[in-house]
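Assemble the complex: chain R is given as a structure, and chain V must be docked to it using the hints.
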Amino acid sequence: DTGVSQDPRHKITKRGQNVTFRCDPISEHNRLYWYRQTLGQGPEFLTYFQNEAQLEKSRLLSDRFSAERPKGSFSTLEIQRTEQGDSAMYLCASSPKRLAGGADTQYFGPGTRLTVL
Amino acid sequence: GIQVEQSPPDLILQEGANSTLRCNFSDSVNNLQWFHQNPWGQLINLFYIPSGTKQNGRLSATTVATERYSLLYISSSQTTDSGVYFCAVEIQGAQKLVFGQGTRLTINP
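These protein sequences, in sequence, are chains R and V.
Take the first sequence: its position 69, counted from the start at 1, is 276 in this note's numbering, and no numbers get skipped.
Take the second sequence: its position 89, counted from the start at 1, is 102 in this note's numbering, and no numbers get skipped.
Chain R with its partners taken away, still in its complex shape (with noise of 0.2 Å):
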């Protein structure tokens, strides 16, 4: 096991551009999130998926991010016609299959931090 991977580690573009982050998540963990962390801010809530089911969106998440998990396994999370504002690190995250109410540690990747010039 050799945790949750994302990739790119980082990613330079241009206003405007579309861009494809990639997270591999721990091997049966059915629960995938996406955060977004900006300087000096703790990471914020984006979407969580499972298996391939979108179960929830926060409203950080416009009309121009989409998230997918196809499979249930690895998830991609793309930014359509990036702003300067979309600058952030980008961190998925993954967890095992929980009782019905109950929780259980969230796993955090390396994150992908991009740059909009």
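Any given hint might turn out to be false.
[What the hints assert, rightly or not] Short, incomplete list of chain R residues facing chain V, as computed with Cβ under 8 Å: (1) Glu263; (2) Phe272; (3) Ala295; (4) Met296; (5) Leu298; (6) Thr312; (7) Tyr314; (8) Phe315; (9) Pro317.
No wet-lab data here; the hints were simulated from the structure.
Every value quoted in this text rests on a predicted model; they were computed, and no experiment measured them.
Ideal placement from N, C-alpha and C gives every residue a C-beta, glycine not left out.
Chain V alone, transformed into the frame defined by chain R:
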């Protein structure tokens, strides 16, 4: 939504000192995690502790759920303990972590 407040925001200590970081939260939670964020941005799990006390080497944590706070203790600090420490909580049914603003710990040699 739930509020998570961490204190102090910044803490500067000499190597070998002990420290206590505090996390207050405004609602009942069914998940509380402490993380250490290293200089490269990686969030490293320290504790999953919705209630009770746990210890791992020089680190220990206590959560008093009924009084809505958690404490992280670091003993005999080392320079490698430097970084930002985050507390994050999850309320029942919410399926997401809400993070505090963090405590930036600097350990000087």
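Query raised in the report: Does the nearest C-beta of chain V fall within a distance shorter than 8 Å of the C-beta of Thr312 of chain R?
Result: holds (4 Å)
**Report entry** Glu263 of chain R as chain V interface residue, shortest Cβ-Cβ below 8 Å
**Finding:** holds (6 Å)
Requested in this report: Would you check whether Phe315 of chain R satisfies its interface hint, that is, whether its CB is within less than 8 Å of any CB in chain V?
Outcome: holds (4 Å)
Query raised in the report: When the nearest CB of chain V is found for Tyr314 of chain R, is that gap smaller than 8 Å?
Result: holds (6 Å)
Report task. Under 8 Å, Cβ to Cβ, is where Ala295 of chain R needs to be relative to chain V, so tell me if that hint holds or is violated. Result -> Violated, because the Cβ-Cβ distance from Ala295 of chain R to chain V comes to roughly 11 Å (cut-off 8 Å).
Report task. Would you settle whether the hint for Leu298 of chain R is holds or violated, based on the nearest Cβ-Cβ distance to chain V being less than 8 Å? Result -> Nearest chain V Cβ about 7 Å off; hint holds.
Query raised in the report: With 8 Å as the cut and Cβ atoms as the points, is Phe272 of chain R at the interface with chain V?
Result: Because about 16 Å separates Phe272 of chain R from the closest Cβ in chain V, which is outside the 8 Å limit, the hint is violated.
Report task. Verify the interface restraint on Pro317 of chain R: the C-beta must sit less than 8 Å from at least one C-beta of chain V. Result -> holds (5 Å)
Report task. With chain V as the partner, please determine if Met296 of chain R meets the hint condition of a C-beta pair closer than 8 Å. Result -> holds (5 Å)
Checked against the numbered hints given earlier, this structure breaks hints 2, 3; the rest are met.
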